[in-house]
Amino acid sequence: MPRPVAIIGCGQTKHSSRRRDTSQAELVAEAAWNAMEDANVTPEEIDAIVVGNMQGFGGVAQPDLWIGDWIGAPEKPVMRITTGGTTGGAVAQGGYYHVASGLHNIVLAVAWEKHSDSKEAGAVTGLGHVGFGAQMNLLRCGMGTRGFIATAGVGAAAGVAVYQAMHYMHRSGCKIEHFDMIAAKSRRNAAKNKYAHLQWPDCTPEDIAKTEMVAYPFRYGHICPASDGASALIFAEGSIARKKAKTPAWIKGLASITDEENQIMSESGGGIGVLDSSEQIGARIAAQKAYKMAGIEDPQKEIDLAEIYQPFPSQELIFAEKLGLFDEGKAWIALEKGETDINGRMPCDLSGGVLATNAIGSAALQRILECALQIMGKAEEHQAPKKIRTAVAHGWGGSTNYNTVTVLGASLD
Amino acid sequence: MPYIKEERKETLSVEGEWAYGAYEYKANKLLDEFCQGLKERKLIGSLCPSCGKVIVLPRAICGRCHRKMTERTTVSDKGTVLSYIVSPPMVKGKYKMFGVDPVELGIVKEGESLIPANVRFDGSDSPFNTLILNAKPEEVNIGMRVKVVWKKELAGNLSDIEGVEPIRG
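Protein chains in written order, with this note's numbering: chain V, 2 to 414; chain D, 151 to 319.
It should be emphasised that the hints constitute simulated quantities derived from the structure, not laboratory data. As the structure is a computational prediction, the values presented were derived from the model and not from experiment. Warning: the hint list may mix true and false statements.
Claimed, not checked - Derived PhoX-like pairs: lysine-lysine, alpha-carbon spacing no greater than 25 Å straight-line: (1) 211/V - 297/D; (2) 290/V - 302/V; (3) 244/D - 120/V; (4) 286/D - 176/V; (5) 244/D - 15/V; (6) 247/V - 195/V; (7) 195/V - 15/V; (8) 247/V - 387/V; (9) 193/V - 387/V; (10) 189/D - 120/V; (11) 193/V - 155/D; (12) 297/D - 189/D; (13) 159/D - 195/V; (14) 211/V - 244/D; (15) 388/V - 245/V; (16) 286/D - 301/D; (17) 120/V - 297/D; (18) 195/V - 155/D; (19) 15/V - 286/D; (20) 120/V - 155/D; (21) 159/D - 211/V; (22) 228/D - 297/D; (23) 195/V - 387/V.
Bound-form chain D, shown alone:
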């Protein structure tokens, strides 16, 4: 016996819409600093004087100790996979995200599986959420060593980091 279903009478509806472009959020100040660092292939984090944790991306106040994090430190662009997700193969017309079809938009290839992951860069104490590139889903595992795939022309914005790829050999 499958799921129990109930039929209901549909009453009058009123249509409405919210536009995504209706806001202009402010980014935090340190994002500027992080992005400037990317131009020189540097990953900048902030150091907590109380717990000693290094958080990437940098933040002004430690989220746990609530101490001012005034000191900056550059961490390695190599790191370890903490956790990851393998998306199902993306198929045109099947998935819509935030109102767009990523395959139709050309930002994801037909049949491609995306592998978002949390990576801990050496010298940091925080997860960095990014994409695993140049790897088959079956070869990805927790603890895998990876390095940043830098964009060819660095522009000083977040897409300078295209993702990470396995360190082979």
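Chain V on its own, in the form it takes in the complex:
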């Protein structure tokens, strides 16, 4: 049996497109310090550290090698976990495992990205070097530059989400106007989160609808930024957590599931034969496993709030359904009714989510962090007015094949 584990401290930096005022190490150190202060623990009390970012995005292949002595790592075990978009989710779950196993009592989990250290928007070269080994194969086997540009360039990360959105719209009846609504909600929510990146206090769906079409059905206003920033969590064993924190955020259940491989980036080009890229069975299975561990039978009734990994608005809807928060193909109807707003039945991404703040390595950890803040009552301006007893955090990444789901609660029962 795993030991009881809770989050007792959260730390973040301000996220923005260009943190040219700080080095990568300083940025990471700031989040780690904030988390230790919030948890009321000293660097000496930390037993082990789990770190992660998206390899190569900041132009450095293994930043943890020279960041260790900025986060109190000397004489302690450090484990790096890098799983693409789910990095932060995997880093946090790694922190949980360290404590749940009984090997460590207090663990720091810290994740970050510093996109602006790369000269290109979205660190395309980093992606090319890290993620497109397989695609480079195809190029070298005579794919031709035109095909390569079209499928890898137009169809890279945003492309995967476009295919996914097209499938979802086709089968659910959701319209582009719903994406405008989600994007505007994200910008408004972010304006109440002092650490968020794209903050637009009174943003309306009409404001978003005015932005340029990038690739149908996505407008410029629908797309996540590339952010610089870091976030950190302190995990503690149950009895320590009760002593250190007024309201610890307990980890009630978690799962990480690999499933469909993105055909664009798959090693052979054929993937595993998933015809509808919005199917995301991995998210469904991860949610089912995490809920089972948490003792949740009906997520629609038992979950109070969700933080969903949604770099594109369609994904808030798709993954909310996969997490069982709404019936399949019906999340956009709940959106229309305001159910996902701060006062709604199932608030989604009150922090603004990934759509507002996307420091890749940090993004999935922030989802867990935001759920913890809501449970601890520390979300300040974006705190949900209702009591949050159970919340679910989601991460999506890898080569679009990884999903992390973490269920947090105000108590262990």
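Following the hints, complete the assembly by docking chain D onto the known chain V.
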């Protein structure tokens, strides 16, 4: 009120560069077999003995069942559009991909919209990522029937498939 912006002081930076040509990846073995098939206008897939799915391009191990896929099968060069993307009209100087401007390089025409798509070839159970050619963006839809546009002189490499085009009439 638009986006909130914050000003920050820029501190000292250090420049660096990574070269794209610095790697030599190995392709998977079955890519050779697939490319040989292209010379005869054949699309070769592999059949999973467990789930019965046919995956194009062929692979040695089923990604879901983890069974060895030793059997090959040839699928049709006609298929159905599963999903697609319409790029904005490509304009010189506006978009850079992997460090190059595709319009300046002459591989995309000025004002041209690219339509990458996932196509399921008849007899296969996987999406094949390619380009839709000879079609206006507004006439493309999910479920549209298409066929492969083969290169005039087949060389046994991936560019033998130029893309797919609508089956008309």
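### Message
Under the constraints set out in the numbered hints, which ones does this structure not fulfil?
### Response
1, 5, 10, 17, 19, 21
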